[in-house]
Amino acid sequence: MATTHTYDALVIGAGGAGMRAAIELSDQVRTAVISKLYPTRSHTGAAQGGVCAALGNTEEDHAEWHAFDTVKGGDYLTDQPAAQLMAEEAIDAIYQLERWGLPFNRTPDGRIDQRRFGGHTAEHGERPVRRACYAADRTGHMILQTLYQQCVKRDVRFFNEFYCLDLLRDAHGAATGVVAYELATGELHIFRAKSIVFATGGYGRMFSVTSNAHALTGDGPAVAWRRGVPLEDMEMFQFHPTGLAKLGVLLSEAARGEGGIVRNKDGERFMERYAPTIKDLAPRDMVSRAIYQEIKEGRGGGPNGDWAYLDITHLDPKVIEEKLPDITEFARVYLKVEPTNELVPIQPTAHYAMGGIPTDVDGRVVEGAAETPIPGLYAAGECACVSVHGANRLGTNSLLDLVVFGRRAGVDAARHVKEAPLGDVPERPTERTLSMLNAVLERAEGENAADIRKELQANMFDLAFVVRSEESLSKMETIIGELQERFGRVAISDKGALYNTDLMETVELGFLLDCAQALVVSARARTESRGGHYRDDHPLRDDANWLKHTLASRNDDGSISLDFKPVKMGPYVPMERKY
Amino acid sequence: MATPADVLQDSDARRAGGAAGAVTLTLRIRRFNPEISQDSWWDEFTVEADPLDRLVEVLHQVKWYHDGTLSFRRSCAHGICGSDAMLINGRNALACKVLVDDVGPRVTIEPIRGLAVLKDLIVDMDPFLEGYRTVLPFLINDSGEPDKERLQSAEERARFDDTTKCILCAACTTSCPIFWGDEGYIGPAAIVNAHRFIFDSRDEGSRERLKILSEKTGVFRCRTTFNCTDACPRGIQVTKAIQEVKRSILFDRF
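Protein chains in written order, with the working numbering: chain A, 1 to 579; chain B, 1 to 254.
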């Protein structure tokens with residue numbers, strides 16, 4: 001028998017967005033946070049380089065320049081009013097973090113220091129600007145710690161190592177609760193609430209080379225999707241150019257912000273050819289594609305000719321020690337390379353999902369082209385698609401997204417709590433979850449989940465990564481179908497109730513397969529190249545036909561329908577994206 | 001002066017020496033599952049691995065292809081989330097920061113000590129986090145909020161830089177013999193997190209924290225064995241931080 005808990009508001013996920021929402025909520029209403037990890041294990045902590053706001057602490061800057069850069073960086077798929085709002089609220093959001101104790105690096109006069117980052121410019125692309133506020137190269141770690149500290153101060157109620165496996169909706173479609181699996185005991189819990197905020201993070205683990213944690217399996221988007229919520233712009237995935245070769249561990253763009261250079265096997269600074277104005281500080285999608293082009297033309301290094309190199313050997317050792325200590329250590333520990341006098345082998349790594357659960361600027365989950373809100377349901381952070389990142393997110397805008405839209409979702413979720421009655425949950429709320437878990441637990445023999453996961457990841461890397469085509473994507477769609485079918489026959493060896501990570505990893509694989517399917521179907525439909533989505537059979541952006549968001553929905557028979565909605569435009573007229 | 005191409009050639013040459021194909025690694029793992037037995041037992045697994053593979057990925061190979069019941073925590077796999085602290089060949093470390101090359105050809109893996117083992121390498125983190133909460137680990141400043149940021153000089157910021165690196169992995173606390181023996185001791189990680197605020201020029205809660213830390217469960221339990229400093233995967237000078245807090249109680253603030 002499942003235990004039932006009733007709160008005013010639930011937050012699913014305890015990373016930056018979830019805890020920022022929880023802080024806002026718990027000041028006003030009875031709130032619980034459900035997280036499959038201990039809060040400080042969340043992947044917000046892996047973010048390195050910075051969080052941006054036009055504070056203008058070291059040189060002239062304006063929120064309007066930031067909004068422009070965000071729209072252009074997103075290759076004009078960004079909803080412009082959302083980008084404007086984020087750039088404006090960024091300033092107070094950063095000051096708030098500082099007042100909560102975040103230890104930002106400082107300018108000589110004691111203010112928050114700022115540095116350069118890819119795609120952030122002054123005067124609409126004229127020159128790089130110092131906009132990224134940072135704490136060495138562990139800015140995400142400091143945001144996660146600071147938000148957790150504020151949660152401790154407020155005595156926020158956490159249910160740690162609880163996996164959210166299902167969303168409950170009432171007869172009118174309103175979100176009324178979730179079903180969660182307690183890892184420690186194997187018991188199911190029903191959580192009822194008036195407002196539910198999904199903040200579960202991304203799904204980079206569908207690719208073999210990724211900067212993402214093992215935990216990033218798209219749980220939130222998949223759970224919502226299985227309950228009829230469409231997913232927006234799933235084809236828009238960011239491949240970060242500087243992942244450690246083979247491993248995908250992230251080397252922050254801050255390395256380039258501080259003056260680092262990307263080179264090919266001949267030692268050439270090839271970005272001079274691709275982005276003559278801002279060179280190595282071009283946005284991530286462009287640098288990743290440039291690396292692919294260099295590799296394709298035979299200028300990649302390493303045993304298979306598929307590496308580029310990050311060069312920080314010319315930087316002042318003091319800068320490396322004070323501003324880039326962690327990434328320097330990653331190179332030393334994992335590749336046994338000394339970055340102060342050797343080049344670090346890199347390759348593009350699956351990094352960030354621009355797409356996800358569609359929301360408005362108040363974090364409300366919205367359905368269809370009409371953007372009808374689902375009462376009580378909210379999403380924020382990487383699992384959500386506002387869309388502020390469009391087709392390509394600028395570096396440092398993700399941490400900003402977490403605090404700006406995490407707060408906004410919390411504010412509106414609290415408002416909703418005060419206005420709405422507690423909704424009904426279905427009669428047998430755990431039915432679907434139980435049948436899903438029992439099917440796996442009761443099967444004596446079958447497919448190995450690890451084999452399916454490995455095949456998914458390897459094929460997504462080969463067929464749906466930096467460069468895609470109708471041929472590669474249709475092949476991938478077929479492969480996912482086969483993997484889904486095999487997944488239906490998975491058996492595991494751990495049949496126990498306590499800490500059954502075997503079972504949870506299998507459930508997570510199911511979530512990943514769903515997200516991958518939505519990604520590939522959406523990518524196949526989008527017959528153009530825009531931001532992180534590059535099709536070599538449709539290499540140009542096509543504003544006449546594709547200046548719109550994709551919305552993928554799953555039909556009852558498992559097939560996928562696509563719908564579209566227009567991009568919300570504003571002052572910025574789409575133009576060719578040059579840097 | 002060396003050209004980038006020279007540096008590159010040099011880099012490639014050095015790396016070639018490091019990765020010499022797969023090696024055989026035998027893992028000896030202490031197992032525990034109260035659903036099966038109240039006693040722990042040892043299992044041995046032999047796998048092929050790349051010398052540069054992280055131990056956490058070798059554990060995945062065991063879990064995914066040899067024994068799915070093997071249970072451990074992990075997430076980021078690159079030393080920042082703090083999930084996978086384990087006792088590896090007798091020393092506390094994060095399994096994702098130890099490479100096969102560092103331990104082969106045999107490695108013994110046990111759960112971290114001093115916290116109740118719940119299953120295999122998973123321990124009860126609640127007492128550890130309770131210690132952390134005791135030291136009021138959040139900025140205390142009741143002097144009103146400025147419109148913008150509070151000012152802090154680079155020197156003031158540097159004063160507590162080291163202790164801001166803590167990821168709460170518990171490697172330090174569970175390597176401390178005093179913590180093993182005395183359930184009341186708050187442990188190194190909690191003190192590190194107290195230090196992070198005590199030496200932050202913006203914080204006004206030091207008096208309260210130092211009072212908590214001067215109690216018998218506090219810093220004076222420390223016998224400076226330096227195990228904590230050796231164990232810290234983030235390179236924090238933990239023992240030094242504890243000594244600074246002790247000194248602060250004795251000379252500065254009380």
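Derived from the structure by calculation, the hints contain no laboratory data.
Please note that the accuracy of each hint is not assured.
What the hints assert, rightly or not - Taking beta-carbon pairs under 7 Å as the criterion, some of the chain B residues facing chain A (in silico):
1. 71
2. 80
3. 122
4. 148
5. 251
Ideal Cβ placement from N, Cα and C applies to all residues, glycine included.
- Unsatisfied constraints (hint numbers, rising): 5
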